[in-house]
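With chain D fixed as given, assemble chain X onto it according to the hints.
Chains D and X supply the protein sequences, listed in that same order. Mapping of the first sequence onto full-length UniProt numbering: position 246 corresponds to residue 246, and the numbering continues sequentially without gaps. Mapping of the second sequence onto full-length UniProt numbering: position 20 corresponds to residue 20, and the numbering continues sequentially without gaps.
In silico lysine-lysine, PhoX-like type, Cα no more than 25 Å apart, as pairs:
1. K29(D) - K268(D)
2. K29(D) - K271(X)
3. K237(D) - K204(D)
4. K261(X) - K271(X)
5. K271(X) - K204(D)
6. K120(X) - K157(X)
7. K268(D) - K53(D)
8. K29(D) - K204(D)
9. K157(X) - K119(X)
10. K29(D) - K261(X)
11. K261(X) - K53(D)
12. K66(D) - K126(D)
Hints in this document: simulated from the structure, not taken from any laboratory.
Here are the chains, one letter per residue:
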Amino acid sequence: MSKEAQLSIAERDFILEALRQDVRLDGRKPDEYRPLNITFGEEYGHVNLQLGKTHIIVRISAEVTKPRDDRPFDGLFNINMELTNMGSPAWDNGRSNDLEAAVTHTLDRVIRHSNALDTESLCILKGVSCWSIRADVHVLDYDGNLTDAACIATMAGLQHFRRPDAVVRDGKVIVYGVEQRVPVALNITHKPLSVTFHTYNDSKHVIVDATLKEEQAAEGDLVIGINNAGDLCYASKIAGAPVDAMVIVTKTSIAWEKVKVLNAAIDKVLQADLAKRAKVGMADESRAENDREVQPE
Amino acid sequence: MSAPLVLLPSDEVPREHLPSNKSNPLRLGPGLRLLSQPTSQAGDSNHVLTATQAGLLTTDAKRNTVSLLSFPNRRYVPTVNDLIIAQIHHSSIDFFHCIVTPNTAHALLGQLSFEGATKKTRPQLKQGELVYARVQSVGVGAGAEVELTCVNPATGKADGGLGPLVGGMVFDVSTGMAARLIRASSASPDNTDAVEGLVILGELGRKLESLGGFELAVGRNGKVWVDCSNAGESAIAVTVAIGRCLQETDQHNLHPHDQKKLVTRILRDLKLAS
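So here's chain D without its partners, still in its complex pose (with noise of 0.2 Å):
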């Protein structure tokens, strides 16, 4: 039960066949994305992702803690993710898989170790307090590509997220409440994202954004990690069938055009969020030529 249904070999046969004449099931071109829809929460840091048919909810909350005894000025920084039945039959509550090992690893590599979340400016007093930031990832839906999915989600998360503002005043750590004082935005150095190239035949084609079934029927993958400026900061190509090093450079000038892309997404649906948020703020709220409400008898 732990293992998800094999293909058929009428399907693996015809999604290579179809390949060969460039011709995806759902009519994309080898490197178009499926759409991406992101919205976000009532609260900061809460991002709904659906590429496709794969769905994602991320969840990003900072708790204040003591950082760690080696490193007394760096913040922390996770990334949880556990599969669980509820995105797909055939994953077991509780059992870690192949697939979750590999998507934490690139989550980890291409966030946390990458940089992208400043964790010294997480800290607050020095060897005494810092800030805990953590980024939960629940897979409700899986049809493929959970890797990009969820890097865009914590992505989009983690700049979507505000932070209480904490001060050190005589020594002591004063945390202000969120009606008190204007929560902090989190300091991003770069926004870097994945893109996962599946292949097929000889490695003869190549795509991006595989369905479970396109998934299914590679031979192999390649992960890029790259950042808008370009700077590539993860590749790998763990297992599968072996890819020719030209195919590794043009794939990433595509993953680099990809991401461009795939961050303006983001962008453009932060500034409508934040856009919204400007309007319903306590600053509106309190205006003076407000109407006031009549308090009922």
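Just chain X, lined up with the frame of chain D:
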């Protein structure tokens, strides 16, 4: 046609809604179960038909069938006499173990339940091959095994194209869509549009006739097998076009008018429209 009747699980089917054709035995479709109810009265009135899921009662007077039109589920529950597309998982001495729905218990298909199969001529099916089969029995109680067959036990023939499916492609649709497709194909051509609101297959058939047409098998477990090997060079594109038309109609619940537009758009997309 009388007003539609919605039944909830455990609701009884009112007697006056049943077709009154006495020449054939009444046939039950999915979602209905015959229960005998102990009553004090004598006679045949102690049998009641109850619904096992929520849905719309539909009857066919000509074929004397009554069935429950349920909602598009993602999970398929096998019912006797359903036509399904199963995938071979592995074989044992007497049976092929088949996947009907991913991640559920395997269904059994007898090695000899094929047309004209004997110990020597039985088909050698490998893992991952597909068969078009009929649900023979679903057993009783939890953990019961579902049995499939590829022949009509009365005639020993494989009617309706039962048997291994070679080549082609399988597309996933909702179980509700699969049921609609089956009903639409069994209804008489002139009232298909009115009953099911599905004109997509007729439209595709008309437009793709010049390219060699296509072959299609619908499984109640939400799978549609499409084969266009007659279409020659454009076979792949035609198959993809049919799959996309079916899936989009299913996902967006398109009206007949929109279905026609969709066919035109997708065929133009794949450069198939002449």
